[in-house]
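Undergrad: Here's the letter readout for the chains.
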Amino acid sequence: MTPPTDGTRRRSPLLALREVSKNFGAVEALVGIDLEVYSHEVVALVGDNGAGKSTLAKVVAGVLTPDAGQVEIEGRPVTIHSPSAANALGVASVFQDLAVCENLDVTANVFLGQEIRGRAGMLRDGQMEVDTRRLLEHLTVRIPSVRTPLRSLSAGQRQAVAIARTLIGEPRIVVLDEPTAALSVAQTAEVLTHIERLREMGLGVILISHNLNDVRAVSDRIEVMRHGRNNGSFPASASHESILAAITGAA
Amino acid sequence: MAGSQSSLREANRARVADAVKRHGGLTQVELAGATGLSAATVSAIVKDLVAAEIAEVRSTVRSGRRAQLVTLAHRVGLVAGVVVGYRHLRVALADVSHEVLAEQILPLPADHRSDTSLDRVALLVVDLVERVGADLGELLGIGVGLPAPVNPATGMVGLRGVLRGWDSVQIAQVLEKRLARPVFVDNDANLGALAESTLGAGRELRDLLYVNVSQGVGAGLVVNGRVHRGADGTAGEIGHVQVDPAGRICACGSRGCLETVVGGPALLEPLYASYGHLTLRDVVRLTKDDDPGCREIVADAGATVGGVVAALATGLGPQRVVVGGDLAETGEVFLAPLREALRRRTVLSRPGGPDVVPAALGLRAELQGAIALALESTDLFERPDSTDDEGAGR
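So the protein lines, in turn, are chains A and B. Under the working numbering, the first residue of the first sequence carries the number -16, and numbering increases by one thereafter. Under the working numbering, the first residue of the second sequence carries the number 23, and numbering increases by one thereafter.
If we strip away everything but chain A, and leave its shape as in the complex, we get:
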């Protein structure tokens, strides 16, 4: 993992969405959404159920293609057809269901679908274990052994494995959908610390969450969505009340 060395000075955004819209029949999931994410920045997307947060995440991750609007990565207009296209463009995502394999160990999960192979096409287990261990250490993840099967890890540790997996392709942007949902306080503490690490590594992070406490703890900027539209942009220091007002439409 080589963290970018270009500091935090204002430059063009890593990722920009311009006037992005997405309809499902009569349902307007996204209506003219604008979003910018810079490096060294955690941008939180908050909003009620059905506000369009996850749809937006799926557009960025290449799961959905927008009906209208433009996606730019590092200033260049791009079309993200598929999740693998998103990966190639430096966008990695962790969705709510994590999509980890319970029966495989930590290393196998981290390298799932992107295994390191030797010349004869053989898996290089040793190399992958070493890389996994280094990756987890880098994120300050406390998992005793990379050979532990996922089913015997806690929910917080699984989330950490899912986050570590996104880092394999050396992405610039990481999308995390509800990473602290259903975690204990100690596990939440770990995941929030990982998010701080991702930011320190110079990545742009899109954090989707319902928990304003968690969001305000680690975000640089909070973008409120309501009925598929932008409904306000707040600095992390903004009060709980003003953000709640924008979420509920009271303001």
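Note that these hints are calculated values from the structure, not bench results. Check the hints yourself; a few may be wrong.
[What the hints assert, rightly or not] Pair by pair, the computed Cβ-Cβ distance ranges are: (1) B/Asp40 with A/Asn32: 40 to 48 Å; (2) B/Ala253 with A/Val113: 56 to 64 Å; (3) A/Leu227 with B/Gly183: 50 to 58 Å; (4) B/Arg182 with A/Arg180: 35 to 43 Å; (5) B/Pro373 with A/Arg117: 45 to 53 Å; (6) A/Ser137 with B/Asp322: 41 to 49 Å; (7) A/Gly33 with B/Arg135: 38 to 46 Å; (8) B/Tyr294 with A/Gly33: 28 to 36 Å; (9) A/Phe7 with B/Pro314: 45 to 53 Å.
By construction, the Cβ of each residue, glycine as well, lies at the ideal position given by its N, Cα and C atoms.
Mind docking chain B on chain A? Use the hints.
TA: Below, chain B alone, put in the same frame as chain A:
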């Protein structure tokens, strides 16, 4: 790998002990995975460590199977240290020799609420106790540090407004109700002073001034070997000394307090136009990377803090000024202008005047202080002096 059989064994022992320390508690199977050693080697080393009273083994259940949980020895009991900061909550569990067994940091939102945060403190303490395989009954006490003066008579924040939402909260009572263990609360800078004077940069000194410059600014005074809190706990509140008579109104209600000039938000504001949103840790990192703008901000803050510290040091006559907190992590960029401000005062620049050094315990000074407070306040057991010396010698 070169080396004799015994040095290899020694290295493996250290590896096992390190792994146990990092995770709080591990089963023997997990230890084999964490260290890459064979199960037989781990088992032999654990036996060694138990015989040497470094580790303890107890039965536990992992994934439905019985297993042997290995933890560092804490037979006499445990204490918890908690430091509530403006943006982070730190909780640690230690044994009676101040050795930290498990630790957790939780990022907090700006202006976090006392009810939510104290709830999280309680849950984290319970989680850490479980992590080392102990139960709450083994916890002798809990030391809590707050970024505000604490009135020793009431146990509440002693200066209204400086920690929004925490005025008139009976912190110790709230936690004691949840955890049923004794809770001791103090100002964070006082805890830093306590830790630095017993374990850190002021071990052999009687009179010491500890200054913490992070999101907020505070000082702890050690007079004649003891932390001096003042009649109502506000001693050392240098964050609320006036440095700019035409300055902004502070959260405390006065104008131009030191904190309105060098507190976290005040430091970050002039950087916003050219850097975008930064955190204090970003500023520390960029300063270490020799970023000119951030160096400027940090150096100016050092000089401003130095002016106030010089006045306090003239009054107190300490042997040493110990500087902790985030900004001290930038080293001489911050310390040199601070020292220079002290040197300008003749009284302080005389031979034998106070020197200015970074905190030996670094960012952990307050947390170690919270642990020390809990240990100091607990007399449930006879603490042999040798334990004290051992802790101090580290």
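Undergrad: Confirm or reject each hint.
TA: Taking the hints in turn, this is what the structure says about them:
1. B/Asp40 with A/Asn32: 40 to 48 Å: holds (45 Å)
2. B/Ala253 with A/Val113: 56 to 64 Å: holds (59 Å)
3. A/Leu227 with B/Gly183: 50 to 58 Å: violated (23 Å)
4. B/Arg182 with A/Arg180: 35 to 43 Å: holds (37 Å)
5. B/Pro373 with A/Arg117: 45 to 53 Å: Hint holds: Cβ distance 51 Å, inside 45 to 53 Å.
6. A/Ser137 with B/Asp322: 41 to 49 Å: holds (45 Å)
7. A/Gly33 with B/Arg135: 38 to 46 Å: Distance hint for A/Gly33, B/Arg135 is violated at roughly 28 Å.
8. B/Tyr294 with A/Gly33: 28 to 36 Å: holds (34 Å)
9. A/Phe7 with B/Pro314: 45 to 53 Å: holds (51 Å)
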